[in-house]
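As a plain string of letters, each chain reads:
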Amino acid sequence: MGAVLAKKSIGPVRREFVPWEDPDHPPFIEFRNVTKKFGDFTAVNNLSLKIYEREFFALLGGSGCGKTTLMRMLAGFETPTTGQIFLDGQDLAGIPPFRRPSNMMFQSYALFPHMNVEKNIAFGLKQDNMPAGEIEARVQEMLRLTKLEQFAKRKPHQLSGGQRQRVALARSLAKRPKVLLLDEPLGALDRKLREETQFELMALQEDLKMTFLIVTHDQEEAMTVADRIAVMDKGELVQVATPGEIYETPNSRFVADFIGDVNLIEAKVMETSEAGTRLKAGIGGYDIDTAQTTDASAGDTVWYAIRPEKVRIHLGEPGEGTVNQAGGLVWDIAYLGDMSVIHAKIGEGDHDVLKATFANVSRMVEQPITWDDKVVLSFDRDAGVILRR
Amino acid sequence: MDEPVTPPSKKRSLGSWALIAVPYFWLALFFLVPFLIVFKISLSQIAVAIPPYTPAFDLSAGWQAFRESLSELSLENYVWLTEDDLYWKSYLSSVIIAAVSTFITLLVGYPIAYGMARSPAAWRPTLLMLVILPFWTSFLIRVYAWIGILKNEGLLNQLLMSLGLISEPLTILNTNIAVYIGIVYSYLPFLVLPLYASLERLDGSLLEAAEDLGCPPWQAFWKITLPLSLPGVIAGCFLVFIPAVGEFVIPDLLGGSNTLMIGKTLWVEFFNNRDWPVSSAVAVILLLILVVPIILFQNQQQKMQERDG
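Chains as they are written, first to last, in this note's numbering: chain F, 196 to 584; chain V, 49 to 357.
The following block holds chain F by itself, in its conformation from the complex:
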């Protein structure tokens, strides 16, 4: 790695809540060297992870990365091949799903089609032999919380997708589990509803003071809701950090590429010092001067990851003292409404481009940059990160 970063958390961290920075803080959920194999396939490979009480934690990764398997092991639907899982200090080995203090919201919602909304929500409470009056009160509370009061007597097939999603949420919350497991909870909703629901989930988690564990392949969703994100690939954790850290200081090309858009510049280390590192880009041959120190030595090949919104575009000569310049030709422009993405060609190949974005802050103004314009791209000394893997 070699990236020496400021110790302060990057990006907005919700509340004064950073238990992961205290090594003595007891974890609420702990995976200890957990491996899960299905035949020859290793779904989860010797994974250790700590999740803290009241944390909103996201498992993020592509399909088949093992994130769902990890959650299902916590719920008890899969048994680890080796390793241990602890919840609130208790080893979960041998405890069947129906005795575990966690509840899960299923991707398919798994609502019982022969029961109405009320009965679906009350199902888990009845299992616990809760007195009828308390069940009634809890169900009403859940209906209120999820704004489903007027649908209490409806059957699932009489509800819209968004309403079903809320019933599933209400049902999994009704028992006040120690941890709520959310398996791609918003996957079936359209974009607008999904964004709204993300904020509702966050508010809910804040109000209920519960631990939420969400599995998702949608990086925006993970960034929006989570206190911390674990990026998974091939059954292993690649990086576990806050959304801001994941975005601004990815620890690998995989994470940089998975989260958001990024320019990954292959470069050679020219000079290292206490004050920073100097690199030479492989394509375009321009110098990159960064404030970041690295344990790579001169001559090594590294990658410099820089987000498109941190790349500035100059028409004509940039001003005095502009560091990290690369000349190029405007190759493609994508107008997205709120912003535009420029692909500037800096090498011979079709894919030798640097991506830069700019916000379209004023309306009805002719785009200042057009195809085949000669431009200079520049970025600050601390705009990107050096990656060694």
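Warning: the hint list may mix true and false statements.
Here are the simulated PhoX-like pairs of lysine-lysine, each with C-alpha atoms no more than 20 Å apart in a straight line [unchecked claim]:
#  : chain 1 : residue 1 : chain 2 : residue 2
1  : F       : Lys-373   : F       : Lys-245
2  : F       : Lys-429   : F       : Lys-232
3  : F       : Lys-387   : F       : Lys-342
4  : V       : Lys-271   : F       : Lys-350
5  : V       : Lys-351   : F       : Lys-348
6  : F       : Lys-475   : F       : Lys-550
7  : V       : Lys-351   : F       : Lys-350
8  : F       : Lys-404   : F       : Lys-245
9  : V       : Lys-271   : F       : Lys-348
10 : F       : Lys-314   : V       : Lys-271
11 : V       : Lys-271   : F       : Lys-321
Pairwise CB distance ranges (calculated) [claimed, not checked]:
#  : chain 1 : residue 1 : chain 2 : residue 2 : range
12 : F       : Gln-353   : V       : Thr-185   : 42 to 50 Å
13 : V       : Leu-207   : F       : Gly-234   : 41 to 49 Å
14 : V       : Leu-207   : F       : Lys-348   : 55 to 63 Å
15 : F       : Asp-413   : V       : Ala-76    : 57 to 65 Å
16 : F       : Lys-348   : V       : Ala-76    : 40 to 48 Å
17 : V       : Ser-167   : F       : Gly-257   : 27 to 35 Å
18 : V       : Phe-114   : F       : Gln-353   : 55 to 63 Å
Chain V is faced by these chain F residues, among others (derived, beta-carbon under 8 Å) [as the list claims (entries may be wrong)]:
#  : residue
19 : Phe-293
20 : Met-299
21 : Phe-318
What the hints contain is simulated information worked out from the structure, not anything from laboratory work.
Even for Gly, the Cβ is constructed at its ideal location relative to N, Cα and C.
Put chain V on the given structure of chain F with help from the hints.
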């Protein structure tokens, strides 16, 4: 999300009318017309003639003669059915035997269907094939084969005696027990297939959700699996019960002389007594008895379709 479905426009083209007319025409020709003939015979009187009843409609005799023969029709045979207790006893006994065997078939068939639906997906076509396989042999021969198994010196008794479980052969053949065995064996596939279809469709995540909410698997069966497979149970039970009520071959071959079933009574009436009018009346009443469950069955099917749609 769930947009209301716009009903198709009321106007139908000639082509679509023709398409709808074909099955109705088929039903009218092969179900309604024969039924009307049977119904007419049931209102006639027995006679030593060919055909063995009067009046026989003679369309060549003209309208007047037709009206006269109409006036000869009467409900006498139906009155007769109420006077001789053989008939209502046969009906009652048939319904009881059919109901009991349907219940036993359900007890045997549910685990089979459940096991099939829970088996690895690769096995299912084979298991399904095994259920259907007996249909490749004639029904009559399969029922006949049970005689060889159930009779006093049959395979079953030989086996039980060689195992030392019994010392005297059990009398099973020519009793109601043999009839139950025959019906359960013969109609099992009719129950297993619809039940399997509804169990296989059951979303496995529902059971996981139940378990996740604190419901042990054995309770989840009663609370989730069974209620959701009820349409399959009902469909399967009707498919067994309805033909079993009118069953003739099984009670005739396996049942004893005191096994009373309406199918047998009808046979005797028709072939031994050559009383076409009374046997027709028996058949009409049998149909009426079965129409009630058939209508219930269809209502239930419709409800299910509406729910799925």
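Quick rundown of the hints versus the structure:
no.	hint	result
1	F:Lys-373 - F:Lys-245	holds (15 Å)
2	F:Lys-429 - F:Lys-232	holds (12 Å)
3	F:Lys-387 - F:Lys-342	holds (18 Å)
4	V:Lys-271 - F:Lys-350	holds (16 Å)
5	V:Lys-351 - F:Lys-348	holds (19 Å)
6	F:Lys-475 - F:Lys-550	holds (18 Å)
7	V:Lys-351 - F:Lys-350	holds (14 Å)
8	F:Lys-404 - F:Lys-245	holds (18 Å)
9	V:Lys-271 - F:Lys-348	holds (19 Å)
10	F:Lys-314 - V:Lys-271	holds (12 Å)
11	V:Lys-271 - F:Lys-321	holds (12 Å)
12	F:Gln-353 - V:Thr-185: 42 to 50 Å	holds (47 Å)
13	V:Leu-207 - F:Gly-234: 41 to 49 Å	holds (42 Å)
14	V:Leu-207 - F:Lys-348: 55 to 63 Å	holds (57 Å)
15	F:Asp-413 - V:Ala-76: 57 to 65 Å	holds (59 Å)
16	F:Lys-348 - V:Ala-76: 40 to 48 Å	holds (44 Å)
17	V:Ser-167 - F:Gly-257: 27 to 35 Å	holds (32 Å)
18	V:Phe-114 - F:Gln-353: 55 to 63 Å	holds (57 Å)
19	Phe-293	holds (5 Å)
20	Met-299	holds (5 Å)
21	Phe-318	holds (5 Å)
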